[in-house]
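*Asks:* These are the residues of each chain, in order.
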Amino acid sequence: MPELRHGRLPAMPVRVDHLLSFGAADAPAVTFRSHTLSYSELRDRVSRAASGLHALGVQRGDRVVVYAEKRIETVVALLATAAAGAVFVPVNPLSRPRQLGHVLADCGARVVITTAERWATVRAVLVPDTPAGHVVLIGRPAGPAVPGQGPGEAGWRVHDWAALARAAPVLVPGAAAVIDQDVAAILYTSGSSGQPKGVVLSHRNILAGAASVASYLGHGPDDVLLAVLPLSFDAGLSQVTTALIAGAHVVLMNYLLPAGVIRLCASHQITGLTCVPPLWLQLAGPDWPAGATRRLRYFASTGGRMPRVTLDRLRGQFPGAEPFLMYGLTEAFRSAYLNPAEVDRRPDSIGKAIPNAEILVVRPDGSPCAPGEHGELVHRGALVALGYWNDPARTAERFRPVPGSAGPRPEIAVWSGDTVYRDDDGFLYFVGRTDEMIKTSGYRVSPAEIEEAAYATGLVAEAVALGVEDAQLGQRIVLAVTMRGPGRGGDELSRALAGQLPAYMRPQHIDVLPQLPRSPNGKFDRAGLRRAMPHWSVPTVAGCPAAATSEPHPAAAAADLA
Amino acid sequence: MNMPSSFRKILLAHLPYAASEEFSPDDDLAALGLDSIGMMHLLVDLEEAFGLELPDEVITEETLATAGSLWQMVSGLIAAELPVDA
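Residue numbers (the working numbering), protein chains in the order written: chain H, 95 to 656; chain W, 76 to 161.
Worth flagging that the hints you see were computed from the coordinates, not collected in a lab.
Treat each hint with caution, since some may be false.
A partial selection of chain H residues facing chain W, derived with a Cβ cut-off under 10 angstroms [unchecked claim]:
{"id": "1", "residue": "K164"}
{"id": "2", "residue": "P187"}
{"id": "3", "residue": "R212"}
{"id": "4", "residue": "W213"}
{"id": "5", "residue": "H362"}
{"id": "6", "residue": "Q363"}
{"id": "7", "residue": "R457"}
{"id": "8", "residue": "P608"}
{"id": "9", "residue": "Q609"}
Derived Cβ-Cβ restraints for the label pairs, each shown as a range [stated by the list, open to error]:
{"id": "10", "chain 1": "W", "residue 1": "A94", "chain 2": "H", "residue 2": "K533", "range": "46 to 52 angstroms"}
{"id": "11", "chain 1": "W", "residue 1": "D120", "chain 2": "H", "residue 2": "G414", "range": "36 to 42 angstroms"}
{"id": "12", "chain 1": "H", "residue 1": "R538", "chain 2": "W", "residue 2": "A155", "range": "54 to 60 angstroms"}
{"id": "13", "chain 1": "H", "residue 1": "P413", "chain 2": "W", "residue 2": "A155", "range": "22 to 28 angstroms"}
{"id": "14", "chain 1": "H", "residue 1": "P580", "chain 2": "W", "residue 2": "A155", "range": "23 to 29 angstroms"}
{"id": "15", "chain 1": "W", "residue 1": "E97", "chain 2": "H", "residue 2": "A226", "range": "30 to 36 angstroms"}
{"id": "16", "chain 1": "H", "residue 1": "V264", "chain 2": "W", "residue 2": "N77", "range": "47 to 53 angstroms"}
{"id": "17", "chain 1": "W", "residue 1": "P79", "chain 2": "H", "residue 2": "A226", "range": "42 to 48 angstroms"}
{"id": "18", "chain 1": "H", "residue 1": "P458", "chain 2": "W", "residue 2": "A124", "range": "55 to 61 angstroms"}
Rough simulated footprint, nothing fancy, chain H against chain W, three-plus residues with beta-carbon under 8 angstroms [unchecked claim]:
{"id": "19", "segment": "76-85"}
{"id": "20", "segment": "88-99"}
{"id": "21", "segment": "112-123"}
{"id": "22", "segment": "126-139"}
Nothing here was measured: the structure is a model prediction, and the numbers come from that model.
Positions of the beta carbon are idealized from the N, C-alpha and C atoms, including for glycine.
Put together the whole structure using the sequences plus the hints.
*Replies:* So, in structure tokens, the structure goes:
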């Protein structure tokens, strides 16, 4: 970012690190624990680290993997990579060696920035003989572990972050040539099957996303945001970028306990908080002291449907805060949100497209759906990602021309794979992932509807509904839950649901579990749940009721319903 | 601070980035990979191993910050459980 150091601000931000030019020099930019950097300090750190990366030989377009829990160095590393003209690849800090190894190999990492604690994990999965590969370790020197001897370490050199981050800032030649259409980042997301795929984002995607989201959330220099979600997740990265573009202050945390969120909201007088529904379910439990929410002006949920009871409870807990229900897919960074003024009227809606994006709802042939008609959500605009890294087949499937486009060249949109519909006023409703829709006894049933009914009984803490193969029904509905409070069983839930749902929508089988599996981003892991429950997939014998043939899971108190 | 081997073994099992059970008191549990799900398992194992019930109010971000702060909390509860004359 050397051009900024000379006080000549670019007329428009081109690279992601240009987001740093929006904050006042003395204003707080980022805090972790008791340490805060002002915007001028953060700009200086980023310039120096970018020069340090340049000195390692990092070139425009090289991939720099950042594998660390949230801390100030993690934010500096991401922005410095952009400032060096390279591509940052944040890896979820909870990733295990197998996933990390896949990312390193798939993106062809030239540099890995990680912590001393993670070095043993990283060294085991480095790609052997990467020419001029570099590992940069944050934190205390790893002692005798540093000299290279792991299986993949040939060709890799190990450096100390503190030394690299002290480099004198120089003009990084390749970085000045970068334009906003160049690749800025690769975010890996898990699909329902196969290895995680890398969504390739341009600088423009991230900058346009930050401007759009920060504008509808009304971010300004007085805001203090708590970054709870992982930075490897689009909504998590967005917490940082939407703060920086507004000159606001972002407080980093690694989530452990609801109490930690409440404590930081109180000590930093947080004004905006974004979480995923499983996290909100936990945060809605405890009573929040008034001091923790005195300045909270909004709370936002993304990454799945927020149960109505949870939303109501949170609105009671945060009387002064506006609720924002959001929808996004990594392939378009962020997509839709519901205006808080509409929440009472349509609490189940995901709203309308965010500023500077258009959302279409189309039939399989690309023609527009009528109001109320289910179709695929197609997103067009500046946030449409460049595609999947190294994967032309899946890119061609998801990134396709805008239906009915009349321009001289085809414009590419994201075909989300999500089934939605619009009401008469144009508000969108999420029905389900097209591949998660349950087809049972001739009906198409949305898992979200069953889950919502389970939450509405007040008996369950968490709920995930799935369809599993069934000889008679096509699919039968199974529901995995955790209960609120001890001594509650699936029978009670099943009786309560019987009053709520038509027969074809009632789960044939309910499993009460101690907890539901989470994806690394904190969302419910449906594919993982399916794998963990092999008895669900036991085929039913024609003529026998489905539930009679399914064995209870040994680890869970299962309630059979027939 | 003297952390017994039984405690260090349990800790090691829940910290994906810990290389050995030679913990020092200021080892940062989040940096060693403790997450919210791992924490629940860790607390259950500690309760079983030391015959304790960890009350909610002692489970805070502060007590879960480092190996030393966690042991301080656990050892304090063990001491409180001991009969006065023991």
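*Asks:* Find the hints from earlier in the document that the structure breaks and name them by number, from lowest to highest.
*Replies:* 5, 6, 7, 13, 19
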